[in-house]
Amino acid sequence: MDILEIFVSLGFWAALVRMATPLIFGTLGELICERAGVLNLGIEGIMTMGAMVAWMWVYQGGDLWTAVLVAAVFGALFGLLHSGFSVYLGVSQHVTGIGITLLASALSYFAFRMLLPDVTTPPKIDPFKPYPIPGLSELPFLGEVLFTQSPLTYLAFFLVPVVGYGLYRTPLGLALRMVGENPMAVEAQGIDVHRLRTAAVMLGSAFMAVGGAFLTISVFDAFYIGMINGRGWICVALVIFASWRPGKALLGALLFAAFEALQIRVQQSASAFIPYQFFLMMPYVLSILAMIVMSRRAAYPKALLVPFRKGER
Amino acid sequence: MRLEPRSHVPLWLNFAAPLSAIALAFLLCALLIAWAGAPVLAAYGALLNGAFGSVFALSETLTRAAPLIFTGLAAAVAFRAKLWNIGGEGQLYAGALAATYVGTGLVELPPFLMIPFLFLVGALAGGLLLLLPVILKLKLRVDEVVTTLLLNFVVLLFANYLLFGPWKDPLAMGWPQAAPIIDEGVLSPLIARTRLHSGLIWAVFFAVCAWAFIRYSKWGFEIRAVGNNPTAAGFAGIPLGATVLRTALLSGGLAGMAGVCELAGLKGYLTLDLSPGFGYTGIAVAMLAGLHPLGVIASAIFIAAIYNGADAMSRAMSISNYLADVMTATALLLVLASVLFVRYQPRLR
Chain L
50 MDILEIFVSL GFWAALVRMA TPLIFGTLGE LICERAGVLN LGIEGIMTMG AMVAWMWVYQ
110 GGDLWTAVLV AAVFGALFGL LHSGFSVYLG VSQHVTGIGI TLLASALSYF AFRMLLPDVT
170 TPPKIDPFKP YPIPGLSELP FLGEVLFTQS PLTYLAFFLV PVVGYGLYRT PLGLALRMVG
230 ENPMAVEAQG IDVHRLRTAA VMLGSAFMAV GGAFLTISVF DAFYIGMING RGWICVALVI
290 FASWRPGKAL LGALLFAAFE ALQIRVQQSA SAFIPYQFFL MMPYVLSILA MIVMSRRAAY
350 PKALLVPFRK GER
Chain F
49 MRLEPRSHVP LWLNFAAPLS AIALAFLLCA LLIAWAGAPV LAAYGALLNG AFGSVFALSE
109 TLTRAAPLIF TGLAAAVAFR AKLWNIGGEG QLYAGALAAT YVGTGLVELP PFLMIPFLFL
169 VGALAGGLLL LLPVILKLKL RVDEVVTTLL LNFVVLLFAN YLLFGPWKDP LAMGWPQAAP
229 IIDEGVLSPL IARTRLHSGL IWAVFFAVCA WAFIRYSKWG FEIRAVGNNP TAAGFAGIPL
289 GATVLRTALL SGGLAGMAGV CELAGLKGYL TLDLSPGFGY TGIAVAMLAG LHPLGVIASA
349 IFIAAIYNGA DAMSRAMSIS NYLADVMTAT ALLLVLASVL FVRYQPRLR
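Protein chains in written order, with this note's numbering: chain L, 50 to 362; chain F, 49 to 397.
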């Protein structure tokens, strides 16, 4: 297939929107945490956990939307655990995050193996079906690309303006951004820094878990070991690429999804010349390049990585 | 509850804190074993037996500890300088790739030269791989955590390409593996009829070297100073950039040697399952050791025992051996918290 042919095919654009979904959830989640001053490297594990519990919920006979909720609750719980260490105790956010990732993915795999001890091929569930939005889905091109997607994809796109509005137009959002810039000022306003940060990390982690859940109960119909495959880390890079802004995060997620969708299609046609492994490397290499390009303009939240202890400077 | 800095840290607390954290980790994981429906004490008995119960079990534990000492040292040295190298896995494979390149016939030396040469080449490859993210950090302030993490995937895919493509050994019956390391480069076995090899001795040797380097050398002092307080270190005239670069070469080098250790000691040829995440587990090893190079030896053996023991336990009573990963992660988090209570006194208001 020719590159041009790919760009005019509906399938490519629809796949792009689909593949952007987990990245949007993950990037928004990470963005909320970092805006509050907490780097959440637990993302990779929390996404794995979300993917596992949502799948398991449906497999045990649960309903799809409840599964999304269950994933969010589990994500929030791991967010709570993260902030117990990184916010309340104020220990290294880097090591906490890696620890949470190791713990959440190990627990997911352990639970998966224990609940389904003797299956060799991963069992399947009935995932979310594309839900064509009445009227809009009839539109030429856009109808198929944007309005014939999984309900979770609509949710992801809907959350971008919601998070943007929440962060920039509400008092809570102002406090949340402030706690990532100058926690002492927040303290002076009589707001509990630790509680606010914890709430942000829990909310962000819930987003990440739903992003993971999307993979198992919408794109695929099974859970398997190692399925997140670095998507969480890519989200961390995307937050930097997006300069901590929800709108740009959406843009970044779409850009990356474009590469992922393109990569799969080019791989099939060009693998005679370029080994497929190099296409698989693209998202990771691109993430690094994106961070390099944006590095000069990166305006980190001032209090990112800085723990807050009352009465300590 | 609030935390107050301790003015004086009693010596016993330095040991009691991490040990009680590990005990608590075992207690928490007992809940998982109970959930899996197995008798807890018998399960832990099987774990202990599988880790240390016989000469063979002990040899397997020590075999697994050797690469963990290397990756644990890599993390410990870097974290000492507050350089967050999470790319141990990628550096391990980089070391193994480089050693495969020179060790499968390109260079032939007598054994007493060949083995140090392979370690050197592996260390160079691992060190150079870490140099890239560190230069990006120094020049452009690109966060090294994310770049080192992402490079892990890139290196593994590159190894995948080589093993399915140009480096695939035609004699391997279709398996994706490279040609074997020449005999002169193979690490000799330590105990007959076990897999234990002299890589363990090399690992302990480098741990002692790393300890002496950090403790007594000028560069080691600079690494500690930069990690403790970069501003003060800068005012004292310590070159920040050069120190971080040296740390990177050292840390990446140690991780690269882990790859050589597994390649030349255990497998004999490069495969894609050379490391079951030794690079990531090394972080837990380093934290458990309190970032102390000699402590890394003990904590690597401890973690290796958990993994080996969990394998035996899962065979004996059908508990998934992912329990070892859960235990390691739990211990990592609890030790992280316990270190804080060494420095701070919790006070109830």
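Heads up, some of the hints might be wrong.
Here are some chain F residues the structure puts well away from chain L; computed CB gaps all over 10 Å [stated by the list, open to error]: (1) Ser55; (2) Ser68; (3) Val155; (4) Pro159; (5) Leu172; (6) Gly213; (7) Val234; (8) Ser246; (9) Ala332; (10) Val374; (11) Gln393.
Below, a sample of chain F positions facing chain L; criterion: calculated Cβ distance under 8 Å [said to hold, decoys possible]: (12) Leu188; (13) Val193; (14) Val194; (15) Phe261.
FYI, nobody ran anything at the bench for these hints, they're computed from the structure.
Positions of the beta carbon are idealized from the N, C-alpha and C atoms, including for glycine.
Hint-by-hint comparison with the structure:
The non-interface label for F:Ser55 is consistent with chain L: the shortest C-beta to C-beta separation is roughly 15 Å, beyond 10 Å. In this structure F:Ser68 is separated from chain L by more than 10 Å, as the shortest Cβ-Cβ distance comes to about 16 Å. No Cβ of chain L comes within 10 Å of the Cβ of F:Val155; the nearest lies about 27 Å off, and the non-interface call holds. Listed as outside the interface, F:Pro159 is consistent with that label: its C-beta sits roughly 34 Å from the nearest C-beta of chain L, beyond the 10 Å cut-off.
At the 10 Å boundary, the C-beta of F:Leu172 stays outside the reach of chain L, the nearest C-beta of that chain being 22 Å off. With a closest Cβ-Cβ approach of about 6 Å to chain L, F:Gly213 is found to fall inside the 10 Å limit, against its non-interface label. The Cβ of F:Val234 lies farther than 10 Å from every Cβ of chain L, with a closest approach of about 29 Å, so its non-interface assignment holds. Every C-beta of chain L lies more than 10 Å from that of F:Ser246, the closest at about 30 Å, which supports listing it as non-interface.
Its beta-carbon lying about 7 Å from the closest one in chain L, F:Ala332 breaks the requirement of being farther than 10 Å from that chain. Not every C-beta of chain L lies more than 10 Å from that of F:Val374, the closest at about 4 Å, which undercuts listing it as non-interface. No beta-carbon of chain L comes within 10 Å of the beta-carbon of F:Gln393; the shortest separation is about 13 Å. Interface restraint check: F:Leu188 against chain L, minimum CB-CB distance 4 Å, threshold 8 Å, status holds.
Satisfaction of the interface hint for F:Val193 is found here, the shortest Cβ-Cβ separation to chain L being roughly 6 Å, below the 8 Å cut-off. Using the Cβ-Cβ criterion of 8 Å, the hint placing F:Val194 at the interface with chain L is satisfied: the shortest such distance is roughly 5 Å. Residue-level restraint check for F:Phe261 is violated (minimum Cβ-Cβ distance to chain L is 23 Å; threshold 8 Å).
In the structure shown, a violation is registered for the earlier hints numbered 6, 9, 10 and 15, in ascending order.
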